[in-house]
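Whole structure, please, built from the sequences with the hints as guidance.
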Amino acid sequence: MADITNQSLNEIIEKVKTKKISSTDLTKAYIKNIESAKKLNAFITTTFDQALEKAKQFDNKPNFNQLLPGIPLAVKDLFCTENIKTTAGSNILNNFIPSYESTVTKNLWSNGSFLLGKLNCDEFAMGSSNETSHYGNVINPVGDQLVPGGSSGGSSSALAADLTPATIGTDTGGSIRQPASFTGTVGLKPTYGLCSRWGIVAFASSLDQAGPMTKTIKDCAIMLESMSGFDEKDSTSINKKKEQYSKNLKDNIKGLKIGIPKEYRVDNMPKEIDELWEKGKKILKDLGAQLIDISLPHTKYALPTYYIVAPAEASSNLARYDGVRYGYRSKQGKDLIEMYEKTRSEGFGDEVKRRILIGTYVLSSGYYDAYYLKAQKVRQLIKKDFDDSFTKIDAILTPSTPSSAFKIGEKTSDPVSMYLNDIFTVPVNLAGIPALSLPAGVDEQGYPLGLQLIGKALDEQKILNIGYAIEKNCGFKNEIKKWWS
Amino acid sequence: MSLDKEKIKHVAKLARISVDEAKVDSLTKDLNSIFKFIEQLNELNTEKVEPLTSILNQSLRSRKDEISDGKIREKILKNSPKENEEFFVVPKVVE
Amino acid sequence: MSKEKFNYFIKGDKGKYEVVIGLEVHAQVLSKSKLFSGSPTKFGAAPNNQVSLIDSAFPGMLPVINEECIKQAVRTGLGLNAKINNYSVFDRKNYFYADLPQGYQISQYKHPIVGEGKVLLDMPYGSKEIGIERLHLEQDAGKSIHDMDPSNTYVDLNRSGIALMEIVSKPDLRSPDEVNAYIKKLRSIMRYLGTCDGNMQEGSLRADVNVSVRKEGDKNFGTRCEIKNVNSIKFMQMAIEYEAARQVELIENGKEIDQETRLFDTKKNETRSMRSKEDAHDYRYFPDPDLLPLKLEQKLIDELKKSLPELPDKKKERFIKEYGLNAYEANVLVSEKEISDYYEEVAKLSDKKLAATWMMGDLFAMLNDKGLDISKSPISAKHFAELVQSIKSGEISGRIAKEVFEIMLETGDNPKKIIESKGLKQQSDPKKLEKMISEILSKNKDKVVQYKSGKDKLFGFFVGQVMKSSGGKANPQLTNEILKKLLKG
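Protein chains in written order, with the numbering used here: chain A, 16 to 500; chain B, 290 to 384; chain C, -2 to 486.
For the record, the hints were derived by calculation from the structure and aren't laboratory data. For every residue, glycine included, the Cβ atom is placed at its ideal position computed from N, Cα and C. There could be a bad hint or two in this list.
[Claimed, not checked] Below, in silico cross-link-like pairs of lysine to aspartate or glutamate (DMTMM-like), each with a Cα-Cα straight-line distance of 25 Å or less:
(1) C:K349 / C:E319
(2) B:K371 / A:E247
(3) B:K302 / C:E436
(4) A:K357 / B:D314
(5) C:K140 / B:D358
(6) C:K345 / C:E417
(7) B:K298 / C:E314
(8) B:K371 / C:D169
(9) C:K181 / C:E314
(10) C:K422 / C:D359
(11) A:K407 / A:D266
(12) A:K357 / B:D293
(13) A:K43 / A:D74
(14) C:K39 / C:E1
(15) C:K481 / C:E417
(16) B:K371 / A:D350
(17) C:K389 / C:E431
(18) C:K216 / C:E199
(19) C:K432 / C:D410
(20) A:K346 / C:E257
(21) B:K360 / A:E247
(22) B:K296 / A:E366
(23) B:K318 / A:E361
(24) C:K39 / B:D293
(25) B:K302 / A:E361
(26) C:K216 / C:E175
(27) C:K482 / C:E436
(28) C:K216 / C:E341
(29) C:K413 / C:E341
(30) B:K371 / C:E431
[Stated by the list, open to error] Derived list of chain C stretches under chain B, where covered just means 3 residues or more per stretch with a C-beta under 8 Å from a C-beta of chain B:
(31) 20 to 33
(32) 37 to 50
(33) 55 to 67
(34) 172 to 180
(35) 283 to 296
Dropping the structure here:
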């Protein structure tokens, strides 16, 4: 039999449903792949025994009417999983075992899937290359010196290397879309409030959203359908009827108006990125969509705004890691204050500490107005840019990232150059709207490049449809050689 | 504006993170380059702009006043670094 | 009652100082579950047994607000004649402490749920209005226990996340007595509303006290110190007295007062600086991104307003008008809802004025003696009304009534039964009384002669003799009349 693991989730589901493969055999195939891919360092924790037990249970009593029948899935280690260690890529949670399951993973399991393992990520999702993880770098299967992107780098790497049929990540400023772009996979950041944040280790609460990472647009629709939904335990969850994204997926985009924002053509952008963008535009035009030049004038202020808002929220969200109730506690510390300072200093890595300090500073007395309040005002302007545009257009097309995957260590010495990686993805988080990245081409070195489709709030179906049309017409094929096994 | 070492130490104190003396210089350099980047925002006049408090345009949803939780002391204390069956235990607090 | 003049000043060598006080009262909201979680709020549970994953701030936990707590805050705001804000925002107040699991307290900073209001105090020198600056909702912290272990602090999170209302007064209070009256009034209003039980022993009502002093007549406020978390009115008063004296002494010695947070040491009866709070002043407030702004519909506010009970100020007016009480009596009888309920039940069945006098006299003395609330009174309102009626009708005298009251307390019997079985009925038959008095006068002829020759004081002696021979049952009024008549003749 051909290797099932290099097929799409949708194809695998079909094979399970038509009993061409059992859940147990499917699970074993992934376990084999994972065991031979230790070099990639994509996993922090594996749950093979438990997965095989669940697969057996499924095979004994299969329910083929579920969205994810008998499908093993690995998830980013930012989702709390009941009785399974959850680290958020941090030393400060190196021994933390939640007694609860995040709503999003619970939704996945209730649709028939089960956990295969927990995937590496940047510490507390703060990073764009997976180099801030306490559990080591993750390697991009595209090339052994390349970063897989971040923060959902374990997710993108595992997906591209066929270690999981699909996965989920979280996206605060591009943490799903950028790694998807770097690995030739599809990643979607949903509308803020579409997926529950309950049980996900928080980075920046007003920006965080969980979303699917998959090999195809169809898979993306299946996963989004499985994981999303109203949750009364999250005050920012949107109460609306569940949509059937996969059933309603169609590639007819005739007459749709696609905005092309001039501000996304940045200085020194590699010409391959520009060419990719042109290619995307041509496909859409050929399929009968109408291209419209638009302006999102405050785009260049999105990243500076993000680097105030996200650290500010993070500085407060991460205050709970104090060594009192769970997680790491320093052995040093004669009194409470010293215990706090040592625990947090030893428990957090440099990038996390840097961002906590930035966040603490921008909220501190005397600086709040100049930084935090200013950022919240600019955020309003950025949101308004999108609101205004979406009165005239259906979706926006941009590149996902300003470059393809870069080398490990290339940007670690200069935080700002690392931050600039998220220049195209961050505005969407600030506006709370959905966007997906899909692979559409490669650069000179053969590294994948992604296009980004941005929709208005709750317009996931529309951008999935447009992505579906591009996917069918762009001729991209991810050809990764399994050099690591 | 620029951040000096003293300011950084003060902020670190507020954030309850002890800063390694050997790392203060590189930290100061990094933070200053980040703030230089952030301060691009000063180009914008935002005097008449309302700050964004929430991106969701809806009111706060509330729940009914019902007891639906608690009585899970074992779960609450299970991960605690210093074991005790009833309390969280921390080094002495000096008032 | 003649009005006294306000006179609370600290006397220094260089003049008189006025004390300026503002209070931040923390009142625990009466609700079944916590502000942002479904854990119970009952007092006295085993440690950490009323704690959810949210209250102990586990990773990924999120707050969802309790609608009853919102309503309770609105009711309280309405009871304080305050403006209810249709738009309010929950903020995070960031600081580290062992009993603050999130590392921040969810509170309201720039946009509180309730704005300016006022409270009326009845002081001996007249009525005084105290301004309310604001009322906001916030989470309580847990409890740190320092005395269980010499090297460790134990943390109990049962209280963590319980809803509090912080009620901030304007700096309108000027003496410990006014603070006493203010706290009692607030407590009374909230108990009427059922929004806070006001139980200070259990910590349901605590206050931070801001104190400053200034020379009498000065327009500007002095530098204030905040005394944290004082949990009884007595301690508040002591803390204010100590703190005001301390500040006056500093000023008189030409020293500066530091604006700081202080702690009241209940063992030494003094305030001292809280060094541990020094760097905690920078709370880095910002809107909690886990919550959305709270938009209250006017309809809800109007409905809550309509369903409010009659509050003490209104009830006092009504008691004066309807029951003919004086302002002082009305004030005392409306101070607690239970007292006013008891009074109204008694007043319905007996003489209204006499009922007030007897309640405020013997009944309150007894309750006070036994340390009981009126709701636990061993004498029911119905029995008490019968007793009052027996006095009013002349069936028994006031003196006998006191005796009956004691027996009621012991036996729980109704007064009618006691009066009958013990034969305590008053002698009010004029003929019988006249006969008795004649006999007494004829036995004391020498005293009658003395009286008639001008020794008026002997009248009391005759009354005493009448009471003695009647066993105290002679109707006092009739006795007086008859005695006067017979002594004239």
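Going down the list of hints, with the structure as the test:
1. Simply put, K349 of chain C and E319 of chain C have alpha-carbon atoms about 9 Å apart, close enough for the 25 Å limit, and the pair holds.
2. About 34 Å separates the Cα atoms of K371 of chain B and E247 of chain A, which puts this hinted pair outside 25 Å; it is violated.
3. The straight-line distance between the Cα atoms of K302 of chain B and E436 of chain C is roughly 95 Å, outside the 25 Å bound, and the hint therefore fails.
4. Taking the CA atoms of K357 of chain A and D314 of chain B, the gap is about 20 Å. The hint holds against a cut of 25 Å.
5. Straight-line distance between C-alpha atoms of K140 of chain C and D358 of chain B comes to about 19 Å, which keeps the hinted pair within the 25 Å bound.
6. With a C-alpha separation of about 24 Å, the suggested pair K345 of chain C and E417 of chain C falls inside the 25 Å cut-off, and the hint holds.
7. Between K298 of chain B and E314 of chain C the CA atoms are separated by roughly 61 Å; this puts the pair beyond 25 Å, and the hint is violated.
8. For the proposed pair K371 of chain B and D169 of chain C, the alpha carbon gap of about 48 Å is over 25 Å, so the pair is violated.
9. Under the criterion of a C-alpha separation no larger than 25 Å, the hint pairing K181 of chain C with E314 of chain C is consistent with the structure, at around 18 Å.
10. Under the criterion of a C-alpha separation no larger than 25 Å, the hint pairing K422 of chain C with D359 of chain C is consistent with the structure, at around 20 Å.
11. With a C-alpha separation of about 21 Å, the suggested pairing of K407 of chain A with D266 of chain A holds against the 25 Å cut-off.
12. Taking the CA atoms of K357 of chain A and D293 of chain B, the gap is about 22 Å. The hint holds against a cut of 25 Å.
13. For the suggested pair K43 of chain A and D74 of chain A, the alpha carbons sit about 13 Å apart, so the restraint of at most 25 Å is met.
14. Between K39 of chain C and E1 of chain C the CA atoms are separated by roughly 44 Å; this puts the pair beyond 25 Å, and the hint is violated.
15. In summary, the hint linking K481 of chain C to E417 of chain C is not supported, as the alpha carbons are separated by about 30 Å, beyond the 25 Å threshold.
16. Taking the CA atoms of K371 of chain B and D350 of chain A, the gap is about 14 Å. The hint holds against a cut of 25 Å.
17. This hinted pair checks out: K389 of chain C and E431 of chain C have alpha carbons roughly 23 Å apart, not beyond 25 Å.
18. A distance of roughly 39 Å separates the Cα atoms of K216 of chain C and E199 of chain C; the hinted pair therefore is violated under the 25 Å criterion.
19. With a CA separation close to 34 Å, the supplied pair K432 of chain C and D410 of chain C exceeds the 25 Å bound.
20. A hinted pair counts as satisfied when its Cα atoms are at most 25 Å apart, and K346 of chain A with E257 of chain C does not qualify at roughly 33 Å.
21. Annotation: proposed proximity of K360 of chain B to E247 of chain A holds, straight-line Cα distance about 21 Å (limit 25 Å).
22. Of the supplied pair hints, the one linking K296 of chain B and E366 of chain A holds, its CA atoms being roughly 19 Å apart against a limit of 25 Å.
23. Of the pairs offered as hints, the one joining K318 of chain B and E361 of chain A holds, with about 21 Å between alpha carbons and a cut-off of 25 Å not exceeded.
24. Our distance criterion of 25 Å between C-alpha atoms is broken by K39 of chain C and D293 of chain B, whose separation comes to about 50 Å.
25. Of the supplied pair hints, the one linking K302 of chain B and E361 of chain A holds, its CA atoms being roughly 15 Å apart against a limit of 25 Å.
26. Of the pairs offered as hints, the one joining K216 of chain C and E175 of chain C holds, with about 20 Å between alpha carbons and a cut-off of 25 Å not exceeded.
27. Simply put, K482 of chain C and E436 of chain C have alpha-carbon atoms about 14 Å apart, close enough for the 25 Å limit, and the pair holds.
28. Between K216 of chain C and E341 of chain C, the direct Cα distance comes to roughly 46 Å. Violation of the 25 Å bound is thereby established for this hinted pair.
29. Of the pairs offered as hints, the one joining K413 of chain C and E341 of chain C holds, with about 21 Å between alpha carbons and a cut-off of 25 Å not exceeded.
30. Of the pairs offered as hints, the one joining K371 of chain B and E431 of chain C is violated, with about 89 Å between alpha carbons and a cut-off of 25 Å exceeded.
31. Restraint check on the segment 20 to 33 of chain C versus chain B: 3 residues with Cβ-Cβ distances below 8 Å, three needed, restraint holds.
32. Chain B is given as covering the segment 37 to 50 of chain C, and this holds because 9 residues of the stretch bring a CB closer than 8 Å to a CB of that chain, at least three being needed.
33. For the segment 55 to 67 of chain C, the stated coverage by chain B holds: 7 residues have a C-beta nearer than 8 Å to a C-beta of that chain, and at least 3 were required.
34. By the rule of at least three residues with a Cβ nearer than 8 Å to a Cβ of chain B, the coverage given for the segment 172 to 180 of chain C is violated, with 0 such residues.
35. Only when three residues or more bring their CB closer than 8 Å to a CB of chain B does the claim for the segment 283 to 296 of chain C stand; here the count is 7, and the claim holds.
Violated hints for the displayed structure, listed by number in ascending order: 2, 3, 7, 8, 14, 15, 18, 19, 20, 24, 28, 30 and 34.
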